[in-house]
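> Generate the whole structure from the sequences, applying the supplied hints.
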Amino acid sequence: MVIHVDLRPHTAPMDHTAPMDHTAPMDHTAPMDNALAWLDHAERARWRRYRYERPRREFGLCRAALRATLCARLGCANEELTFETSHHGKPFAVVGGARAPVSFNVSHSGTPGLTARAAAGRIGVDGENRATRHDPDGPIGTVFAPAERAELAAARGTGKIDLFLTLWTVKEALIKALGLGFSMDTSAFEVPPALRRGAREATFRFPHDPVVRWRLNTLGSASFAGAVAHELED
Amino acid sequence: MASTADRIRTLVNENIEVDGKPIDLPDDLDISLTEAGVPSTDVVALTKLIAQEYGVEFTPDQCGELNTLKKVVAYLDNKSG
Chain A
0 MVIHVDLRPH TAPMDHTAPM DHTAPMDHTA PMDNALAWLD HAERARWRRY
50 RYERPRREFG LCRAALRATL CARLGCANEE LTFETSHHGK PFAVVGGARA
100 PVSFNVSHSG TPGLTARAAA GRIGVDGENR ATRHDPDGPI GTVFAPAERA
150 ELAAARGTGK IDLFLTLWTV KEALIKALGL GFSMDTSAFE VPPALRRGAR
200 EATFRFPHDP VVRWRLNTLG SASFAGAVAH ELED
Chain H
0 MASTADRIRT LVNENIEVDG KPIDLPDDLD ISLTEAGVPS TDVVALTKLI
50 AQEYGVEFTP DQCGELNTLK KVVAYLDNKS G
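Protein chains in written order, with numbering that gives the first Met the number 0: chain A, 0 to 233; chain H, 0 to 80.
These are calculated hints, taken from the structure and not from any lab test. Among the clues, some could well be false.
Stated by the list, open to error - The list that follows gives simulated cross-link-like pairs (lysine-lysine, DSS-like), each with its CA atoms no further than 25 Å apart:
{"no.": "1", "chain 1": "H", "residue 1": "20", "chain 2": "H", "residue 2": "47"}
{"no.": "2", "chain 1": "H", "residue 1": "70", "chain 2": "A", "residue 2": "89"}
{"no.": "3", "chain 1": "A", "residue 1": "159", "chain 2": "H", "residue 2": "69"}
{"no.": "4", "chain 1": "H", "residue 1": "47", "chain 2": "H", "residue 2": "70"}
{"no.": "5", "chain 1": "H", "residue 1": "20", "chain 2": "H", "residue 2": "70"}
{"no.": "6", "chain 1": "H", "residue 1": "47", "chain 2": "H", "residue 2": "78"}
{"no.": "7", "chain 1": "H", "residue 1": "47", "chain 2": "A", "residue 2": "89"}
{"no.": "8", "chain 1": "A", "residue 1": "89", "chain 2": "H", "residue 2": "69"}
{"no.": "9", "chain 1": "H", "residue 1": "20", "chain 2": "H", "residue 2": "69"}
{"no.": "10", "chain 1": "H", "residue 1": "69", "chain 2": "H", "residue 2": "47"}
As the list claims (entries may be wrong) - Facing chain A, a subset of chain H residues (Cβ under 10 Å, in silico):
{"no.": "11", "residue": "25"}
{"no.": "12", "residue": "33"}
{"no.": "13", "residue": "75"}
In this text, a Cβ means the ideal position worked out from N, Cα and C, and glycines have one as well.
Below you can see the structure in the form of structure tokens.
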């Protein structure tokens with residue numbers, strides 16, 4: 000399940016006299032005040048540390064949407080839900096002191112924000128704005144495998160940017176699902192050729208761990224590109 | 000020769016924008032690029048440029064662990080010192 004979170008500034012007036020129900024489904028287009036009410040003390044502190052308004056808003060809205068969807072899935076109150084992080088910083092949900100049976104991942108650097116959730120199996124999601132300024136053939140290309148770099152070098156125009164964003168978002172979704180981030184050598188595995196040719200779904204196995212199968216989906220619109228990686232259970 | 004802080008400041012100014020504008024870097028460079036709204040593509044690209052500029056191993060993962068540009072400068076100074 001992937002939820003798109005509207006990250007655009009919202010200027011509608013808010014009714015500050017209305018009672019807040021933290022167990023009710025959240026209106027994802029609600030103002031920032033509404034979202035902030037979902038965050039705990041540490042999350043609000045992190046929200047305040049952001050220097051710029053846009054990333055601050057993106058973090059607040061995505062974290063609130065994540066809390067709302069996890070509470071609905073787990074049947075818990077927002078106050079019971081906390082987050083801890085793995086060694087490489089991937090968060091996991093804790094309810095009542097125990098790790099909750101749910102996988103999730105969030106990307107709030109694109110438009111919209113993306114929140115992915117699964118009952119079982121690791122999951123990762125990434126979204127990027129299509130208005131990238133990068134030269135796909137520049138230094139950033141070293142994150143790709145040799146065959147992928149060759150395809151990028153041969154591509155032209157918007158096709159080059161589309162391929163770059165497909166490669167990037169699929170790889171980032173996969174390493175986020177593993178919880179390893181860029182400690183993993185992303186040039187050591189290739190995005191399935193079908194996705195590179197424009198297919199929206201494919202299965203995948205890491206060369207270092209071929210037993211585990213992953214389902215990969217690309218998503219997006221004219222303004223953003225995204226991908227979801229979900230570990231399949233055999 | 001420019002200081003490491005000045006060279007990093009130049010690299011960021013020449014290569015990183017947030018919403019089409021350069022980042023307003025504090026004098027002490029105590030700023031997290033991620034929390035400034037810089038997307039992961041830009042952070043990784045900057046990491047590659049820094050590794051190229053300094054001829055050192057500097058991975059995106061290290062950049063993430065160091066968290067702020069101030070710590071990146073300290074890391075590079077330590078490497079070359």
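> If any of the earlier hints don't hold here, list their numbers in rising order.
Hints 3 and 13 are the ones this structure does not satisfy, whereas the remaining hints hold.
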